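So you can see what is in the structure, the chains are spelled out below.
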Amino acid sequence: MALVGALIVLVTIVLILLFTRRIQSGRPVHVRAIPSLASLPSLAGKAVESGQTVHVSMGTAGVNDNRTIATLAGLAVLDELADKGCVYGSPPLVTVADPLLAAAAQDSLRQAFARHSRADEHDPTRVEMVSPQPAIYALGASSRLEADATAANVMIGSFDTEALLLAGPVAQKGIPQVFGSDNPQAMALLVAVVDNPIIGEEIFAAPAYLQGRPAHLASLAAEDWVRLGIVALVLLSVLVHTLLGVSLF
Amino acid sequence: MRRGIPTAIAVTVGLTTLVGYLFAPLVPGLAVHLLFIRWAAILAAVAFLLGILNLFSVHVGRVAEMRREWPYSLILILAASLVIIIALLEQQGPGGRAMTWLFQYTLFPLEASAASLLLFFMVTTAYRAMSRRPTGYTFLFLLTIVLVLLGAIPFSASLADPLSQVRHWVVNVFATAGARGMLLGVALGTITAGLRVLLGIDRPHSEREP
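Just so you know, the sequences run in chain order W and H.
Going by the working numbering, the first residue of the first sequence is number 780, and it counts up by one from there.
Going by the working numbering, the first residue of the second sequence is number 37, and it counts up by one from there.
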């Protein structure tokens, strides 16, 4: 099985490099539409217009465990929203459940202010560490939103089912929400309160949508092709097993 | 150059660890990745300590400047200091008697109480979904919930058996297939996003250009 894993990783690397060259040479790559990700920049704009803020949550995982990649997807979204917010002096409010992630989020805001030559306006208290316990984090973040005038709630990262404790009250107030998690159980619940949720691996497409760098777009295209290959392998395996009674894997 | 060297080190270590995990079963003695993992555990502990110190500095600043909601910051500082002092005095880590008592009688009840609210949120969510957006998918969603719940209730055998079979079918065919499909996609997304990090394209090695 290690060999299969190695093969998938190698094929993915080759595809990323091939698609990157293709994009850099000016040939377009098809990227599937994800409405919630496309709406993120406009959410920041609306928040500024209404004098309110955008709340960003990057999940209940940290940056040093097996869910780190989902958290990094959330950080990529924060980078973008921080960039938009800092231009107009309305940085997002960030709540986290991990002290290391708090430092990373503060760094994201600091960089955003520095890019726009407004480093002196950076306020580290815009990032709040609520609690490492998922349920308490969700309730704490929810009450934090009550205190602040919030124009939108963006939750992208690794969430458990407790995310409903945060997204539920926000939905009741009619505040626009963007939600994406790598956890199927959380998605099953949140799909009932969020319009156009970002499902599963779509959260990893956030950098491609928001920053649009060739390597990001290439990795998205590579992912789609590898998925097609795996689907074909699964179908082939089912067919062979049904007709010949032989298991390929 | 300032960022180039750390990025080069991180990329080399990351790719070496990946190769170690993928080829260790095929090449006996290839264990350098285990050494890196041990180093990473030590670094993670130091980083966690820095994270805690950063948290303290932010909240001490908030109390010193008497900013909005500063009493909460004071409570955080006092509670965290108390736990750290108790752990240092006891010198038995999180398994010590006083630490266990603290966790058992403060943190766990709080967490359980908060988690128990989830049931009520789920019911109100289902109700709101029906009242706001009664689409075909919403009906399907609720029908599935009702069927699975009924299948789990211990009725008499004549009624329970068919309901249990329906529940078993829904959970093992539709739910499992959907969850596996999503997990497969998440795994692929994790691979591509992880490769972007390992190749130095994404955070934490790269800062955005102005």
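Just so you know, not all the hints are guaranteed correct.
Partner residues aside, some chain W positions facing chain H, computed with beta carbon under 8 Å [claimed, not checked]:
# : residue
1 : Leu943
2 : Ala971
3 : Arg1006
4 : Leu1007
5 : Gly1008
6 : His1020
Label pairs and their computed distance ranges (CB to CB) [stated by the list, open to error]:
#  : chain 1 : residue 1 : chain 2 : residue 2 : range
7  : W       : Val1010   : H       : Phe139    : 21 to 31 Å
8  : H       : Ala115    : W       : His901    : 21 to 31 Å
9  : H       : Pro198    : W       : Ser829    : 46 to 56 Å
10 : W       : Thr904    : H       : Val82     : 19 to 29 Å
11 : H       : Trp106    : W       : Ser829    : 20 to 30 Å
Hint data in this document are derived by calculation from the structure and do not stem from the laboratory.
All of these numbers come straight from a predicted model, not from anything done at the bench.
From the three backbone atoms N, C-alpha and C, an ideal C-beta is built for every residue, glycine too.
Do the hints match the structure? See the list:
Look at W/Leu943: its Cβ gets to within about 5 Å of chain H, closer than 8 Å, so that hint holds up. Given hint, W/Ala971 at the interface with chain H, holds; its Cβ is 4 Å from that chain's nearest Cβ, closer than 8 Å. Residue-level restraint check for W/Arg1006 holds (minimum Cβ-Cβ distance to chain H is 6 Å; threshold 8 Å). Because the smallest distance between the Cβ of W/Leu1007 and any Cβ of chain H comes to about 11 Å, over 8 Å, the interface hint for this residue is violated.
A distance limit of 8 Å between C-beta atoms decides the matter here; for W/Gly1008 the minimum to chain H is near 10 Å, and the interface restraint is violated. For W/His1020, the interface hint is violated, the least distance from its beta-carbon to any beta-carbon of chain H being 16 Å, above 8 Å. For W/Val1010 paired with H/Phe139, a C-beta distance near 46 Å fails the hint of 21 to 31 Å. Against the hinted window of 21 to 31 Å, the Cβ-Cβ separation of H/Ala115 and W/His901 comes to about 27 Å, which satisfies the hint.
Between H/Pro198 and W/Ser829 the CB atoms are about 54 Å apart, so this pair conforms to the stated range of 46 to 56 Å. Between W/Thr904 and H/Val82 the C-beta distance comes to about 24 Å, which sits within the given range of 19 to 29 Å. Checked against the hint of 20 to 30 Å, the C-beta distance between H/Trp106 and W/Ser829 comes to roughly 27 Å, which is consistent with it.
When the structure is compared with the earlier hints, violations turn up for hints 4, 5, 6, 7 and for no others.
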